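Residue numbers (the working numbering), protein chains in the order written: chain C, 1 to 133; chain R, 134 to 253; chain L, 254 to 529.
Worth flagging that the hints you see were computed from the coordinates, not collected in a lab.
Not one of these hints is a red herring.
PhoX-like, lysine-lysine: derived pairs with alpha carbons at most 25 Å apart:
1) K429/L x K27/C
2) K115/C x K56/C
3) K108/C x K28/C
4) K195/R x K478/L
5) K296/L x K278/L
6) K429/L x K73/C
7) K397/L x K69/C
8) K27/C x K58/C
9) K73/C x K27/C
10) K58/C x K73/C
11) K73/C x K28/C
12) K210/R x K249/R
13) K58/C x K88/C
14) K195/R x K88/C
15) K28/C x K429/L
16) K429/L x K108/C
17) K339/L x K278/L
18) K249/R x K142/R
19) K69/C x K429/L
20) K326/L x K339/L
21) K210/R x K195/R
22) K335/L x K296/L
23) K296/L x K339/L
24) K142/R x K210/R
25) K397/L x K429/L
26) K88/C x K56/C
27) K326/L x K296/L
28) K326/L x K278/L
29) K195/R x K56/C
30) K69/C x K108/C
31) K108/C x K195/R
32) K429/L x K115/C
33) K478/L x K249/R
34) K195/R x K170/R
35) K210/R x K478/L
If you're wondering where the values come from, they're calculated on a predicted model, not measured in any experiment.
The lines below spell out each chain.
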Amino acid sequence: MDLRSSVEIITEWDIVAARQLGRNEAKKAGFGTVDQARITTAISELARNIYLYAGKGKIEIERVTDNGKFGIKIIASDEGPGIPDLRKVMEDGFSTSGGLGAGMPGVKRLMDEFKVASETGAGTTITTTKWLH
Amino acid sequence: MNARIPILKLNEVLIVSIQWELDDQTAIQFQEDLLNKMHNTAALGVVIDLTPIDFIDSFIAKVLGDVINMTGLMGAKVVITGIQPAVAITLIELGIRLSNVMTALDLENGLDKLYKELEA
Amino acid sequence: MDKIMVEGINKNMDEIIERWIRRMKEEKGERFFHFMPDHLVEKTSREFAELMTSNISDSSAANTERINDFTEKVVRFGWAIKFVNKAIDNFSDVVYEFLEEQEIINESNLRTFNIIFRNWINPLRESIIDAYSTEWERTVSLQKIALQELSASLIPVFDKISVMPLVGTIDTERAKLIMENLLEGVVSQRAEVVLLDITGVPVVDTMVAHHIIQAAEAVRLVGAKCMLVGIRPEIAQTIVALGINLHEFTTKSTLQRGMQAALGMTNRAIVEVEAN
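With the rest of the complex left out, here is chain C (with noise of 0.2 Å):
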């Protein structure tokens, strides 16, 4: 069994793909409806995001376990120009793309674990897991 999967985010439709392989990984690795529903939105606005600010880069999803938990990692990674000021991106309300500004805090909210490196001018890759319960 392939334990990692990748979709290229270049065009709007990729983003409809990332989705896709999040929901079926999701279903397959065991999760409910309302964590399908997690994953699947999460991995959205992180594709989404790559394809708003960075133009291009890519999303894989792996099976991840830890002193026999399970669990899926979503990792969000481009070589855009990075996230000038990162604690403000977390806070709630605040968005570059007009959108609701959801975004950031929104995917820490939904997913268990969350982490972001950024690098002005190199790009940024973001680390996200849920486990199962």
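Go by the hints and put chains R and L onto chain C.
This is chains R and L only, laid out in the frame that chain C set:
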């Protein structure tokens, strides 16, 4: 891709059933189509049924919210029906409240609510 | 050398146990013995003593199993770990003193006995504490499951009206479960009004209120109304004092009043009929 969401007219009410996952283009196209149809038919209310939808992200939520506000500006009322529990939970966790929207469990309830609202 | 010691202990087991019990009763931990009938004190103490002495010469796997069995019993008696620890200390003290009195330990072999004692007591203490914490973790996880099982079912009371009684402390994990049960229930029962009864929730702080507000908002999204009932005076006070805003949804002091309001919202009322 040219999948358009059908908009049905029933007396003074428009009925929309969104049957599959919305991509960005379809969502924006829907916004335009609905507003045009509202204008052409002078409908007083809209019911949008989301029963088959299993997730809504912040973009689609924004499009929906915008449609509702625009419809309101055109003097019509909107009821959203059939939001699934999983969808409701993710919306709330994302921080999206859709606070000025009427909601109902299903199409039937939604039409009831809408008619009551229109009578008032 | 071990043999002399084991023999010395075994021969005088009764005396050692008696001294040990006396010493344990002098400790503040006396209340632990207090809860047990005398013959049980006697029996467990003997078991404890046997266990204590069994591994002087034997540190095999069978012994680990005995320790686990024993610990399980002790946990069920409700002995605190502090008390068990004290018991081990006192037991080794008593034995040491006793062996000194019997002159089995003397100036010349003091060093050897010290080593024997250390090798005897330390692994014992470790394995007891280990067995103890395993037992505890198991109990905690079982209780957690039990708590989840009892938490929050949505009860259909009338057509279109359902009630969810909440009992106990609400943490994040439980709040998520409550929200899922609530929403699934609303949809499957086709409820138009749900009453969330918090009579059994001891504390409503900002976090709990936040979870309740989220649940109410999610209920609105699926197309029903959420009403908060069972607000006791002290809860009302804390809610206002904390500046929590519950204006957006209906609240009632009791389930009864909430039910009347819910019937009203669905255009119904309870009427008395004349007896015939």
